[in-house]
Amino acid sequence: MKDFLNSSIRVLDGAMGTLLMANGMPAGVCPEAWACEHLDLVTRMHRAYFDAGADTVFAFTFGANSLKLAEYGLEERTEEINHALVRAAKAAANGRPVGGDISPTGRLMAPIGDLTREQAFNCYARQAKALAEAGADYLIIETMLDISETREAVLAAKSVCNLPIWVSMTYDEAGYTLTGTDVETAVVTLAARGVSAIGTNCGVGPEAMEQIVRRIAAVSPVPVFAKPNAGLPGGKTLPPREFAELTARLVAVGASAVGGCCGTEPDSVLFLKDLCKGLMQHGERPALPRAVTGSGRLVSFEEGFCPIGERINPTGKKKLQAALRAGDFETPLAMAFEQIDAGARVLDVNVGMNGIKEAELLPALVRYLAERVSVPLCIDTADTAALRAALAVYPGRALINSISAEPGRAEAVFPLMQQYGAMAILLPIDETGVPATAQARIAIADRLIAKAAEYGLSKDRFIIDALAMTVASDPAAAQEALKVVDWCKAQGLLSTMGVSNISFGLPERPAVNAAFIAAARARGMQTAIMNIAEPTVQTTHAALEALLNGGAAAYAARYTETEGRPGITGAVIEGDRLRARTLTAQALGAGTQAQALVDQTVAGLDEIGVAFAEKKVFLPQLMAAAETAQTVFEMLAPHLSKQESRSRGTVVAATVKGDIHDIGKNLVVCMLRNHGFRVIDLGRDVDNETIWQTADRENAALVVLSALLTTTMEQMRAYMALNAQRPRPVLVGGAAVSKGFADEIGALYALDAAQAVEQARAVTQA
Amino acid sequence: MPKTWAFEAMPVSVPARAVLLRLGMRMPFAEKDLAKAGRLLRGFRPGGCARLCALMSMPGGVLLEGETVTGAQLAAKLEGCSHALVMASTLGPEPSAQTAALLQNGQAEQAVWVDAAASVAVDAGLDFLMRYAEGALRPGALRVEARRYSPGYGDCGLENQAVLMRLLGGAPCGITLLENSWIMTPEKSVLAICGVRG
Chain A
1037 MKDFLNSSIR VLDGAMGTLL MANGMPAGVC PEAWACEHLD LVTRMHRAYF DAGADTVFAF
1097 TFGANSLKLA EYGLEERTEE INHALVRAAK AAANGRPVGG DISPTGRLMA PIGDLTREQA
1157 FNCYARQAKA LAEAGADYLI IETMLDISET REAVLAAKSV CNLPIWVSMT YDEAGYTLTG
1217 TDVETAVVTL AARGVSAIGT NCGVGPEAME QIVRRIAAVS PVPVFAKPNA GLPGGKTLPP
1277 REFAELTARL VAVGASAVGG CCGTEPDSVL FLKDLCKGLM QHGERPALPR AVTGSGRLVS
1337 FEEGFCPIGE RINPTGKKKL QAALRAGDFE TPLAMAFEQI DAGARVLDVN VGMNGIKEAE
1397 LLPALVRYLA ERVSVPLCID TADTAALRAA LAVYPGRALI NSISAEPGRA EAVFPLMQQY
1457 GAMAILLPID ETGVPATAQA RIAIADRLIA KAAEYGLSKD RFIIDALAMT VASDPAAAQE
1517 ALKVVDWCKA QGLLSTMGVS NISFGLPERP AVNAAFIAAA RARGMQTAIM NIAEPTVQTT
1577 HAALEALLNG GAAAYAARYT ETEGRPGITG AVIEGDRLRA RTLTAQALGA GTQAQALVDQ
1637 TVAGLDEIGV AFAEKKVFLP QLMAAAETAQ TVFEMLAPHL SKQESRSRGT VVAATVKGDI
1697 HDIGKNLVVC MLRNHGFRVI DLGRDVDNET IWQTADRENA ALVVLSALLT TTMEQMRAYM
1757 ALNAQRPRPV LVGGAAVSKG FADEIGALYA LDAAQAVEQA RAVTQA
Chain B
22 MPKTWAFEAM PVSVPARAVL LRLGMRMPFA EKDLAKAGRL LRGFRPGGCA RLCALMSMPG
82 GVLLEGETVT GAQLAAKLEG CSHALVMAST LGPEPSAQTA ALLQNGQAEQ AVWVDAAASV
142 AVDAGLDFLM RYAEGALRPG ALRVEARRYS PGYGDCGLEN QAVLMRLLGG APCGITLLEN
202 SWIMTPEKSV LAICGVRG
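Chains as they are written, first to last, in the working numbering: chain A, 1037 to 1802; chain B, 22 to 219.
In isolation and in its complexed conformation, chain B is listed as follows (with noise of 0.2 Å):
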């Protein structure tokens, strides 16, 4: 069975209104910012990778291959699972700087708009692995479960964003953590685990 996936440039298939749910709007959507979120999004593809990890609980926490995830309440979560997907997505260092360069030269909606986007299509990434695993587990073995979690997430600390990292190989697509701060760079990057049955 296949563990690892990776794409360098995944799609990103999540409707426009997705972007402005992010910036706080709220519907009836006018069609000129959903046209604008929609030229936004298409200009985004992350990069991403997945591993399927066999899963054993322990006491506040996962053992996923040998690493240890911490984490009480994400440990209850994934209860029941034999296997984590354990996923890194990431847009570079592109939209962060171009924020940067929007807001030097007092473009400040523009930024926000791309910051919106870029966080938008950067979750889409992990949205498409799953869906990816998903199929690649057939026939019905295996089940990806909906939802997903971040370090962060309750009791499980920022700290196993490391565990996470090395689980995908250490520095997957590019991202690597800052000292001291578990601050991933590229700025739009994510870190996910979801749990899998069967």
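Looking at chain A on its own, in the form it has when it is part of the complex (with noise of 0.2 Å):
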């Protein structure tokens, strides 16, 4: 099977559930129970596909795992089901190779589901067992549809067989997995776990399935293969030739196999044969890129600079200690976002302190981090039962944080990188502590690569840590640390460093980290364990992004975002409150007219009325002019004399009785208020006798009603009835509520919170 892949252009074979419906079986029946009384078919079925020129064919054990067997009750006849469906396909195959089909458990890993990782590691490893048993010439975990469960079936598959596996995921056609996870990231955690080739199959036809392949092959250092559908039941399926055609063009961008999901038939394999005769991939794949994935991204090494977050770190962090001791991962899960909103990349975790279990610890926080945040993680710990359990739960390709020279250290690392496919930090100290020289470091870098080598673990799988320490105790280590680095670029090695240690003992700390960073990056480091949030650090970090890499426009936009229309108009269209704030204050002091701030801030609302009208601005810029506006009016209502603080009239609002949806109703009260009327707000579900009477003890200018649904909406109805004992303006508004049931019920009628200030405006003539 080694080079099965890499000769010509093989073809796979099409859907088996659509051929075995249309030849008697029922909906509803377990189908691979079904087929273990039908074998001679299912036998057939399979020769009907080699005889149209399949390569290999899937044997029928799509649904053969133990947990999808036991919602039939067969949970038992695992092994009898497996074992029996690979021999019928084997009985047609001639010779040819059979995969031994695996699918998904039709459960959800927790939390998004129930199934626990060591459910969904045995019942696999149960059916990769089976089918290896069985004679399978390879594994294709195919459909898959969660990257979490995916690991996990290859993880099985690896643990008790040999066999070679294939596996293919479903996306849809803006390549995401069901969970989330986009193509590249899917290739690259699996790849990175040793997998034979990589596909893709079912969610989309031939054509939304080109891009995919491209984005596949791309980043795939193993062979690529595809199984688009050809229509679903019930749905309009293409032709068997149209769908060859199409299909067959999924070998020009990247496919070393093509075949066909559902509603594919013998007919399409064929005419798919003929198309692909004497088609090979020419030219080197690439190789597995330098990256790491979390459940949803992927992050190169080799794509500008890349920080790493350093504050899910205990160390010196007692509201975190505190956090960690007592289970509570909302507090590191907090920091994550604060570092990955800074512009964090990856994420080290270490949880090291005293006092607590790592071994637990780690992998719960890591899990917890991992299901919560998509950018990979870092995992940082010296303690190797916790590095293993953190990396058996983590969903993507982990960073290890680190493994030194020191004894024993590589020696049980190095087999867990292999296990699960993770890149490492190495850092070059031995069991005599931290080396002073370059050349001393270099040395033991040197060792430790050529250790891994051992491993099958090649140098793209490391980024050396130049060690950056304390300049204030030795003021020659920064240059030995930039010598590191300099090493590092000429080998073609990606360095990085714990940047913070640099500047231990100095004032003006970030200053000195951010400088330190600056050098090291223009000598090669492309990534560094750092505070990114930190201001001097992140400034200096998006200069650098603008002198190296391009980012001039995104480095002047973080200045001139806070440059705009000048005065407390200017300031109330584009809603800073605090420049609005400022003005105000300083025109008072130089003792401008409280009138006239007024009438500037009244200009801002009602352009941005008009533009809000015009869909040049939308709700949440309206609604920051609204506060604006009214931060303004707070601070002049004392200098207004009476006539001037006048409302411009009294507006009863409510949700009508029965409805308690009440944000667009809020929105309006909100409107009002920073228009200058006096609002009494009655909230919802309010009972239409209690609007009315408020309305008239008020002497209400207008009364507001808000309804979401059909259902409430006649509640306006009937307030109308009442209303006419002393008739005032109503204005009606909400989701289900049109101009056309406002006109039929007598009242105003008004789509948006803009609209309804206008007609208060027209009914107060304000």
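Because the hints were derived from the structure by calculation, they are not lab data. Just so you know, even glycine gets a beta-carbon here, dropped at the ideal spot from N, CA and C. Check before you lean on any hint, since a few could be wrong.
What the hints assert, rightly or not - Pairwise CB distance ranges, derived in the manner of DEER restraints:
| # | chain 1 | residue 1 | chain 2 | residue 2 | range |
| --- | --- | --- | --- | --- | --- |
| 1 | A | Glu1278 | B | Gln119 | 45 to 53 Å |
| 2 | B | Gly81 | A | Leu1315 | 52 to 60 Å |
| 3 | A | Glu1338 | B | Glu115 | 36 to 44 Å |
| 4 | A | Ala1772 | B | Ala118 | 17 to 25 Å |
| 5 | A | Arg1132 | B | Glu86 | 41 to 49 Å |
| 6 | B | Ala118 | A | Ala1486 | 54 to 62 Å |
| 7 | A | Ser1044 | B | Gln94 | 51 to 59 Å |
| 8 | B | Gly59 | A | Ala1798 | 34 to 42 Å |
| 9 | B | Ala97 | A | Glu1278 | 23 to 31 Å |
| 10 | B | Gly81 | A | Ala1798 | 39 to 47 Å |
| 11 | B | Met77 | A | Trp1070 | 21 to 29 Å |
| 12 | A | Ala1772 | B | Met77 | 28 to 36 Å |
| 13 | A | Ala1395 | B | Leu42 | 41 to 49 Å |
What the hints assert, rightly or not - A few chain B residues that don't get close to chain A, going by computed Cβ distances all over 12 Å:
| # | residue |
| --- | --- |
| 14 | Ser78 |
| 15 | Gln94 |
| 16 | Gly113 |
| 17 | Ala192 |
Assemble the dimeric complex from its two separately framed chains, guided by the hints.
Below is the structure:
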């Protein structure tokens, strides 16, 4: 099987379910159990694909895992069913390879679903073992929807056999799996685990699959295969020739093997075989990217500088220590988001402190964070048991921090790197401690790389820590570290540093750290473990991006965004409360009449109202302007005469009886108040009698009623009957309410908060 | 064949631009707005459940395992389907409490953002359920249709929400209906039905 996908283009089989259904398999039965009762038919169907030109077929063991079979009470037959169905395929194969087919368990992994890692692993290990025993030539893990479950399937399969493993994920048209993993992330995660071929099947037809295959081929170091849908039961199905023509195009974008999924039949394969005759992939496949992955994101160390957030480390952080001891993971999660927002592309996770069981706490935190943030994690521990446990629960390709030359460390961690496909930071220290010179560090790094090669780990799997030591105690520390960076660059190795050490004991540490990062980046360092959220470091990082990576526009935008239209009117339009407050205070201090400032504020509101109506600005900007105006009005109120501060009129607002949706009404209330109306907000679920009595008592100029649903808007009709006793204008609005309905009941209508203000102003002639 | 699925916290894998579009914004979107929407979306993980029900057509509606869902237009859309997928997705009471608090504090702009992101996220829960069911119903026997419908669609009245909830076990994921008005609580909750062929 080794070169099966490395020679000419291979043609894979088509759908089996479709064929078996056409040959009598009823809906609602366990397909694999039914197939076992019709083994001759199954063999005939496989033979039909071989006869049509398929170079291999997948045994009909798609749903023959113990969890799926358990749904039919057939769990105990797992081995028997897998054995029988592989034999049925081999009976048709005449020596050609047969893939043992593995598919999702039908349950999702916790915390989305209830499937534990152990359950998934055991389930897949059991099926893979049965398939291998039955003589499958390779395993095909296909139609996978979730990278975590796929990862368990691969680990389980590798634990029980040495067969080649092909893996195929199902993506939507945008290239995402069900649980949100993109193509590149999935490919790198799987390739790092040593699978033999990576592909995609189902989900989309051949045209939509083209872009997905192109993306897989761009990063996959192993052969690529594809099985698009021709159609689905009840839907439109591509005719075999058209399907084959479109599918054959996938070869041109990188597929080494093509076949069909739902809706395909032997005729599709026949045409496909003809079209693929004489084709083969030329050129070398890309090397596995020097990249790490989270559950949903890939970070390449070869594309721009990669800040690794250092904050999730309890050393010197009492609050984090207390949180971790209490099992409170919200605190580190908040730190994670803070660092991501500041620009961290990978997060270092360290729980090392006294009095905790690291082998329990670290995997728990890693799992918790990995389920909630998409960026990759750097697992930072000296405890091998904790590292093993954390890698076991991590869904992507992790970065290990770190491996030193201390006795036993590399021997313990290299096998974990192999098993889990991880990258690692090499720390050039040994049992004698941290070497003072670059030369000594380089010698250790060389030794570690040579040892890694013995484990089949190439130098691309490592990032060398150049070791930033404290410059306050060793004046040569920065220069020695930079020499290691130089060496890494010359060797084509990635380099990093925990930069904060460099400034220990010095004043203005952020400035020292930022300067050191700049120096190291200029010498070729690709990543650093750093506090990216620190303002000086962050600004310097942005400046370096401007200087080195064409980020000048983004750098300028950090400062130009705060410039805008002048004056209070401009501040209102831009929703800049702080500027509005400052300008108002300055103007009042300079003796400007309060009424003049009111006019400037109202001018801003009017202008943004027009822009909103013209769809030049949108609801968030409108509300920001309203809030800003409110801030100004509150400052001006004590300075206005009674006459000037008189409201534009009283409005009674409510969401009608039976309706609890009130954000729309609340926005109207906010806007009306900011335009100078006195608003009595009665809240939601308010009965008509209360609304009417309040309006009558307060002599309201306008009543505003809101309703979301057709069922509750009938309350508005009832209110109008009540209103007829002493008529006053009523304005209605809400998701279900239309202009037609308002006209029908004799009310005014507003589509949104801005229109409500216009209507109120018209009614009050304000 | 499994017929019900339940998830405590579904992933929301919709692009941030969905929030901006919901707010009425038009392309090109500002990076800072996309970033803000993305930050808000990642804070939401709707709970949800779905049930595959055998479907029979009947005059003016459909029959789902003994329960009648009324609506001739809905029935027309589900014509030819052997089953229907009945679904619920909810974010619980938190988003509404958050928007209320923001409004109370004079942060109406932020309230608008949170409300829009929550609406997008709860809908994304239904997307997830449909894609999950599609995968779970393989190999090839049943096909989940691309479109879904909620009570309120055409002549499918809101009272059908009670029917869908009964099919989902009464109070799916903690969703309840207010008496007389058919309003769901928590507010950020959605029910839907989509056809399944095969």
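Cross-check of the supplied hints:
Between A:Glu1278 and B:Gln119 the beta carbons are some 51 Å apart, a value that agrees with the proposed interval 45 to 53 Å. Separation of B:Gly81 from A:Leu1315 is about 56 Å and conforms to the stated range, judged on CB atoms against 52 to 60 Å. The hinted range of 36 to 44 Å is satisfied by A:Glu1338 and B:Glu115, whose Cβ atoms lie roughly 41 Å apart. The hinted range of 17 to 25 Å is satisfied by A:Ala1772 and B:Ala118, whose Cβ atoms lie roughly 24 Å apart.
The hinted window of 41 to 49 Å between A:Arg1132 and B:Glu86 holds, with their beta carbons roughly 46 Å apart. For the hinted restraint 54 to 62 Å between B:Ala118 and A:Ala1486, the CB-CB distance of approximately 59 Å keeps it satisfied. The supplied range of 51 to 59 Å is met by A:Ser1044 and B:Gln94, whose beta-carbon atoms lie about 54 Å from each other. Distance hint check: the CB atoms of B:Gly59 and A:Ala1798 are about 40 Å apart, consistent with the given range 34 to 42 Å.
Under the hint 23 to 31 Å, the C-beta atoms of B:Ala97 and A:Glu1278, about 30 Å apart, fit the expected range. For the pair B:Gly81 and A:Ala1798, the supplied restraint of 39 to 47 Å holds, since their beta-carbon distance comes to about 44 Å. At roughly 25 Å, the beta carbons of B:Met77 and A:Trp1070 sit within the given window of 21 to 29 Å. Distance hint for A:Ala1772 and B:Met77: a CB-CB separation of about 31 Å, consistent with the stated range 28 to 36 Å.
A C-beta distance of roughly 46 Å is found between A:Ala1395 and B:Leu42, which places it inside the suggested range of 41 to 49 Å. Non-interface call for B:Ser78 relative to chain A: holds, since the shortest CB-CB distance, roughly 15 Å, exceeds 12 Å. A cut-off of 12 Å between C-beta atoms confirms that B:Gln94 is not in contact with chain A; the least separation is 15 Å. Every beta carbon of chain A lies more than 12 Å from that of B:Gly113, the smallest distance being close to 15 Å; the non-interface claim holds.
At the 12 Å boundary, the C-beta of B:Ala192 stays outside the reach of chain A, the nearest C-beta of that chain being 17 Å off.
Violation of the numbered hints given earlier is absent; every hint is satisfied by the structure.
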